[in-house]
Amino acid sequence: MSVLWEDTIQAGASWSLLLRRGNELRLEDTGGGANVAALFYNYECPVERYNMPDTLKAQHTAHLTRGFVLYSDMGRILCSITDDTRGWHDPLGGHNDAHAVREKYGPSSYQKQRNAWHRNTRDNLLAELGKYGLGLRDLSPNVNFFNKVVVGNDGSMEFAPGNPRPGDSVTLRAEMNLLVILDTGQHPLDPNPQYAPKPVRFSVGKAAAVAADDPCRLSRPENDRGFINTERYFL
Amino acid sequence: MTESAFKPENAIYDETVLAGDGWIREIKAGQFFRIVDLEGNQAVDTLFYNARETSERYSATDTITGQRNIYLTTGTKLLSNLHNPMLTIVADTCGRHDTLGGACAVESNQVRYAIEKRHMHACRNSFLKAISDPVWNLTKRDITANINFFMNVPVTPEGKLTFEDGISNPKKYVEMRAEMDVIAVISNCPQLNNPCNGYDPTPIQVLIWSPGT
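Chains as they are written, first to last, in the working numbering: chain A, 34 to 268; chain B, 161 to 373.
Don't take every hint at face value.
Stated by the list, open to error - To spell it out: a stretch of chain B is covered by chain A in this simulated footprint if at least three of its residues, at any positions, have a beta carbon under 8 Å from a beta carbon of chain A; those stretches are: (1) 167 to 175; (2) 229 to 235; (3) 248 to 261; (4) 270 to 278; (5) 364 to 373.
Stated by the list, open to error - Over the 12 Å line for every Cβ pair with chain A, so calculated as not near, a few chain B residues: (6) 162; (7) 164; (8) 191; (9) 295; (10) 305; (11) 340; (12) 350.
Claimed, not checked - Partner residues aside, some chain A positions facing chain B, computed with beta carbon under 10 Å: (13) 87; (14) 95; (15) 128; (16) 191; (17) 251; (18) 252; (19) 258.
Source of the hints: derived by calculation from the structure; they are not laboratory data. Backbone N, C-alpha and C fix where the C-beta goes; we use that ideal spot for every residue, glycine too.
Work out the full structure: start from the sequences and follow the hints.
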């Protein structure tokens with residue numbers, strides 16, 4: 034990837050950006066133990082957006098890694114996971130709100146702590162969404178990059194701390210023009226009792242053209258059809 | 161498995177919803193709401209909204225992360241996106257219900273089965289028709305990840321998601337107590353391409369009781 038732009042999302046902070054079709058976004062867990070809550074919208078028509086159930090059922094998966102794609106609710110592919118050194122990203126856990134952060138990490142205020150105060154992912158996502166005329170009605174289940182939730186045979190959800198390695202990264206190739214909303218708040222099932230979100234490095238660059246033997250496209254016949262729907266959208 | 165003491169003859173509302181039909185109605189706080197899988201193995205795609213402020217709605221992630229379990233059954237509180245309990249499941253003779261499979265759409269049918277299958281009837285069209293009356297104050301952006309009552313979508317510890325034959329049988333039901341005034345929206349699933357309805361979508365019954373009846 035030829036890097037056009039790179040920057041850092043500070044711990045517990047949010048970001049939003051336009052990621053154009055044909056560009057890619059690389060997220061790097063520089064220090065290990067990060068979480069990135071992410072939402073994706075069709076930039077030109079944001080009523081089309083990332084759809085968790087459609088993504089999971091098209092690919093018969095409850096986790097995301099290299100070779101999987103993220104589907105919109107309109108049968109199109111928003112982005113493909115073209116590279117991943119972590120191996121498991123969580124689409125199930127959702128995100129913390131102000132109440133959950135206060136309950137878990139105790140009281141905090143900007144008045145006392147300035148920018149070290151406890152932020153929460155819900156408020157951060159709403160602040161970013163509001164910049165594009167979107168809001169609470171547009172929030173739906175998000176992806177949590179860099180974290181793993183294992184579902185037991187009885188349906189129980191367990192946070193798997195795993196072995197977070199500094200420098201792990203995941204790369205998303207945009208297949209549509211995307212409004213990307215990101216937040217680095219802790220995962221809601223993270224058992225750490227301390228408020229300790231981590232920063233994440235990101236870079237945007239030109240992606241290589243989608244080859245005929247693209248692993249995301251060929252990983253399932255469903256994804257080939259998803260690419261066909263997406264290509265037709267851009268004719 | 162938990163049964164309910166309510167008798168159908170005492171219900172204040174009792175309606176059959178045919179396969180492929182949508183249904184929308186307000187349920188008042190304190191009322192009890194039952195869905196009966198009349199012939200068995202039928203997926204009932206369902207969404208709930210706060211009737212007073214529809215930007216508050218059932219949230220799959222708040223609900224499953226809140227109870228740390230992806231399946232719904234007796235005792236489950238269906239939480240809103242503001243983390244408020246909207247309804248509590250008080251009886252369930254099926255055993256578990258799906259939170260992850262979502263609703264079929266003509267576009268997702270194209271992806272899952274064949275590009276040529278866009279004409280086949282799908283739940284999200286039923287949802288859109290049900291909410292099309294402006295009185296509900298709902299549009300497509302409000303259609304979020306729904307509940308599939310009676311549907312069996314197991315997730316494995318290895319992170320696979322599968323669609324299995326239903327675990328429901330004729331006359332199985334689930335019953336909820338509304339904890340706030342809610343708008344319930346149902347699509348009685350028309351899907352013919354996978355086993356979620358046993359390849360034969362069938363009617364459901366919807367009943368409402370007032371407390372103390």
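Margin query: Count the residues of the segment 167 to 175 of chain B whose Cβ falls closer than 8 Å to any Cβ of chain A, and tell me whether that reaches three.
Written below: violated (count 0)
Notebook entry, point to check: Quick one, is the residue 87 of chain A hint okay against chain B at 10 Å, beta carbons?
Noted result: Holds: closest Cβ of chain B sits about 5 Å from residue 87 of chain A, inside 10 Å.
Next item on the list: Would you check chain A against the segment 364 to 373 of chain B, counting CB to CB pairs closer than 8 Å, and say if three or more residues qualify?
Entry: Our answer is that it is violated, as 0 residues pass the Cβ test (under 8 Å) against chain A, missing three.
Next item on the list: Confirm or reject the statement that residue 305 of chain B sits farther than 12 Å, beta carbon to beta carbon, from all of chain A.
Entry: 5 Å, violated
Notebook entry, point to check: With 10 Å as the cut and Cβ atoms as the points, is residue 191 of chain A at the interface with chain B?
Noted result: With Cβ-Cβ at 8 Å, under 10 Å, it holds.
Margin query: Just want to verify: residue 350 of chain B was marked as not at the interface with chain A; is every Cβ pair farther apart than 12 Å?
Written below: For residue 350 of chain B, whose nearest Cβ neighbour in chain A is about 16 Å away, the distance exceeds 12 Å, so it holds.
Note to self: Just want to verify: residue 191 of chain B was marked as not at the interface with chain A; is every Cβ pair farther apart than 12 Å?
What the structure shows: Residue 191 of chain B clear of chain A: closest Cβ-Cβ about 25 Å, beyond 12 Å.
Next item on the list: Please count how many residues of the segment 229 to 235 of chain B have a CB within 8 Å of a CB from chain A and say whether that reaches 3.
Entry: holds (count 3)
Notebook entry, point to check: Given residue 251 of chain A was flagged as interface, is its beta-carbon under 10 Å from a beta-carbon of chain B?
Noted result: 15 Å, violated
Next item on the list: Verify that the Cβ of residue 295 of chain B lies farther than 12 Å from every Cβ atom of chain A, and report whether the claim holds or is violated.
Entry: Holds, because the least Cβ-Cβ distance between residue 295 of chain B and chain A comes to about 17 Å, which exceeds 12 Å.
Note to self: Over 12 Å from every CB of chain A: does residue 162 of chain B meet that, or does the non-interface label fail?
What the structure shows: 17 Å, holds
Margin query: Min Cβ distance, residue 258 of chain A to chain B: is it shorter than 10 Å?
Written below: Result: holds, 5 Å to nearest chain B Cβ.
Violated hints, listed in ascending order, are 1, 5, 10, 17, 18; each of the other numbered hints is respected by the structure.
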